[in-house]
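Undergrad: Sequence:
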Amino acid sequence: MADQKNTLLAIVLSVIVLVGWQYFFAAPQLEKQKQIQQQQQQQQQTKTSPQGPQTPTNTGPQSPNTPQTPPTQATTQQPAAMTRDQVLNASGARVQIETPRIRGSIALKGARIDDVSLNDYRETVDPKSPNIILLAPSGSPLPFYAEFGWVAADQKQKTPDADTVWTRDAGNTGALTPANPLKLVWNNGQGLTFRRTISIDQNYMFKIADEVENATQEAVQLHPYGLVSRHGTPKVLGYYILHEGLIGVTGDGKLHEIQYSKIADQPAQNFKTTGGWLGITDKYWAAALVPPQTSTLNARFSSGSLGPAKTYQSDFLLDAISVAPGTKAQTQSRLFAGAKETVVIDAYEKNENIKNFELMIDWGWFYFITKPLFKVIDWFFRLTGNFGYAILIVTILIKILFFWFANKSYASMAKMKMVQPKMEEIRKRHADDKVAQQQALMELYKTEKINPLAGCWPILIQIPVFFALYKVLFVTIEMRHAPFIGWIRDLSAPDPTNLFNLFGLLPFDPTLIPVFGQFLHLGIWPILMGITMWAQMKMNPSPPDPTQKMIFDWMPVIFTFLLASFPAGLVIYWTWNNFLSVLQQGVIMKRNGAKIELWDNLRGIFPKKKAANDN
267 MADQKNTLLA
277 IVLSVIVLVG
287 WQYFFAAPQL
297 EKQKQIQQQQ
307 QQQQQTKTSP
317 QGPQTPTNTG
327 PQSPNTPQTP
337 PTQATTQQPA
347 AMTRDQVLNA
357 SGARVQIETP
367 RIRGSIALKG
377 ARIDDVSLND
387 YRETVDPKSP
397 NIILLAPSGS
407 PLPFYAEFGW
417 VAADQKQKTP
427 DADTVWTRDA
437 GNTGALTPAN
447 PLKLVWNNGQ
457 GLTFRRTISI
467 DQNYMFKIAD
477 EVENATQEAV
487 QLHPYGLVSR
497 HGTPKVLGYY
507 ILHEGLIGVT
517 GDGKLHEIQY
527 SKIADQPAQN
537 FKTTGGWLGI
547 TDKYWAAALV
557 PPQTSTLNAR
567 FSSGSLGPAK
577 TYQSDFLLDA
587 ISVAPGTKAQ
597 TQSRLFAGAK
607 ETVVIDAYEK
617 NENIKNFELM
627 IDWGWFYFIT
637 KPLFKVIDWF
647 FRLTGNFGYA
657 ILIVTILIKI
667 LFFWFANKSY
677 ASMAKMKMVQ
687 PKMEEIRKRH
697 ADDKVAQQQA
707 LMELYKTEKI
717 NPLAGCWPIL
727 IQIPVFFALY
737 KVLFVTIEMR
747 HAPFIGWIRD
757 LSAPDPTNLF
767 NLFGLLPFDP
777 TLIPVFGQFL
787 HLGIWPILMG
797 ITMWAQMKMN
807 PSPPDPTQKM
817 IFDWMPVIFT
827 FLLASFPAGL
837 VIYWTWNNFL
847 SVLQQGVIMK
857 RNGAKIELWD
867 NLRGIFPKKK
877 AANDN
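Heads up: the sequence shown begins at 267 in our numbering, then just goes up one per residue.
Among the hints, erroneous ones may be present.
Unchecked claim - Pair ranges (Cβ atoms, derived): (1) 375 / 650: 47 to 55 Å; (2) 424 / 359: 18 to 26 Å; (3) 375 / 780: 48 to 56 Å; (4) 424 / 596: 15 to 23 Å; (5) 424 / 651: 50 to 58 Å; (6) 652 / 596: 45 to 53 Å.
What the hints assert, rightly or not - Derived lysine-lysine pairs resembling PhoX-like cross-links, with alpha carbons at most 25 Å apart: (7) 594 / 424; (8) 694 / 715; (9) 520 / 621; (10) 549 / 594; (11) 856 / 688; (12) 674 / 688; (13) 683 / 665; (14) 715 / 681; (15) 637 / 549; (16) 665 / 694; (17) 637 / 520.
Worth flagging that the hints you see were computed from the coordinates, not collected in a lab. Heads up, the beta-carbon is just placed ideally off N, CA and C, and yes, glycines get one too.
Please construct the entire structure, taking both the sequences and the accompanying hints into account.
TA: Laid out in structure tokens, this is it:
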């Protein structure tokens, strides 16, 4: 039957897309996330003991008279095999950072921002698990830090570096807080006095105001710089839909995304630009430099060597500032170091006038769908206090949005069922002439005002929304560790229950079985999704062709296993959408006088088994 063929076509197309998605993105997700969680736990427990930093290989051209780049990565030596806490304790006097969102410290030696933990985020859903550590000092496992300073154009004047020991201004005491900036001073002994004021807001933005006073008899040329450096290659999920690595937006608004593997052992990428921002991003966290937005600068992405480890750096170098004798010069840059929260990122873009700062979050090519979808879900979350409820509400809104398409589709399918006797008569009458048969069927469709392709729409129109919601669940930190009800404690992770260990009654994890263990993950919500999909398909009569019938019968099972490793929030959406579709299709079919086959199909299951037993 034409409607069955069209529906079959839509389902086959959906399966092709989902299988491709599963193969390239979803199948390895569980294993990679486990590996990353294990690595993070090892870092928190300081089990990793890499070699101490050495002087890295320079990755950019340096001229003796005109420096072209900021300093590269580490410039100091630390004892090998030191834990993070040991490095912090050995780095000398430190000023604590205390804000509502972050905590950490800044060493007076070097004045790097290299110790930042996030108060609101933990490694796992367990509220007692360690907080996320974003930045760590050089010499610790996987260092990640930001540095700001000056480079002398003629290299005659000594400028602050990683070994410089700063002094706090008189009267400047206590921790760095939103109300109490850190004020530092250092004299180079050659007539230049450097002052630095580090302030922080209520969220994740540092402001670094540098000033230099020239007490010499000659003018000096100084280049302000900023850098974000990471030592060692972090484990990444490796998905095409998610960027993790070096990132930035140049003044022309162009986004630059560079993977670790693409920049390693490659020449540095340099950009002459005005304003913009650049840094290094993880899935949920980032450290990004924001230079003065009206200043001309050289932006650079580079990689280097630090013993056996790779190093990665995003940096900028402003045009030289001339400081006349007896005068001062100032410059101010900013550093974002925190969680990529949508509201916070958008506020910085608007209030701080940072061009395309929203692209810090990887909304993808279809951000014009993905981001609005998130904003709607987030709005309902603020009303209900639960992202799961918000997804259910948004699913209803999506059904309303596509109601006209679905209504036309289901109405056309209902009419197709009503004219089945006429269609069978045409097939019999023109059994030997397929061309005449198709012409007669098309004339029947035209007379009855039936669209033979309408059966494709109910499934096809869900696919863009499906992938947009997948993106939202996958990249937004708001969905991370967001609970629903019952056993769903993280909507961005797969349903933790599993049929193959009797939902936790058997004390083992079937997914750890070698070779085929990754296919043995089937939670309660994926099972419910399969049931609702099966019910939706049973709203229609079974295809007369045995092959088509077999495909239709197995399709819910295939989809159930395909979606089992997808985020629970996505499976909940699909289940709820299927349920609403069954209700909608039933109402429309009843209104058009078409028979609802669901009940007959349900009743037909057991008599067939009984008949088989009698034989």
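Undergrad: Does each hint fit the structure? Answer for all of them.
TA: Hints, verified against the model:
1. 375 / 650: 47 to 55 Å: holds, 49 Å
2. 424 / 359: 18 to 26 Å: holds, 22 Å
3. 375 / 780: 48 to 56 Å: holds, 50 Å
4. 424 / 596: 15 to 23 Å: The hinted range 15 to 23 Å holds for residue 424 and residue 596, with Cβ atoms some 20 Å apart.
5. 424 / 651: 50 to 58 Å: Check passed, 56 Å falls within 50 to 58 Å.
6. 652 / 596: 45 to 53 Å: Distance hint for residue 652, residue 596 holds at roughly 48 Å.
7. 594 / 424: Within the cut-off at roughly 17 Å; holds.
8. 694 / 715: holds, 22 Å
9. 520 / 621: Holds: residue 520 and residue 621 sit about 10 Å apart, inside 25 Å.
10. 549 / 594: violated, 41 Å
11. 856 / 688: Holds, at about 20 Å.
12. 674 / 688: The given pair, whose Cα atoms are some 21 Å apart, holds under the 25 Å limit.
13. 683 / 665: holds, 24 Å
14. 715 / 681: Within the cut-off at roughly 9 Å; holds.
15. 637 / 549: holds, 16 Å
16. 665 / 694: Violated, at roughly 39 Å.
17. 637 / 520: With a Cα-Cα distance of about 19 Å, the restraint between residue 637 and residue 520 holds, given a limit of 25 Å.
Consistency with the previously given hints fails for numbers 10, 16, ordered from lowest to highest.
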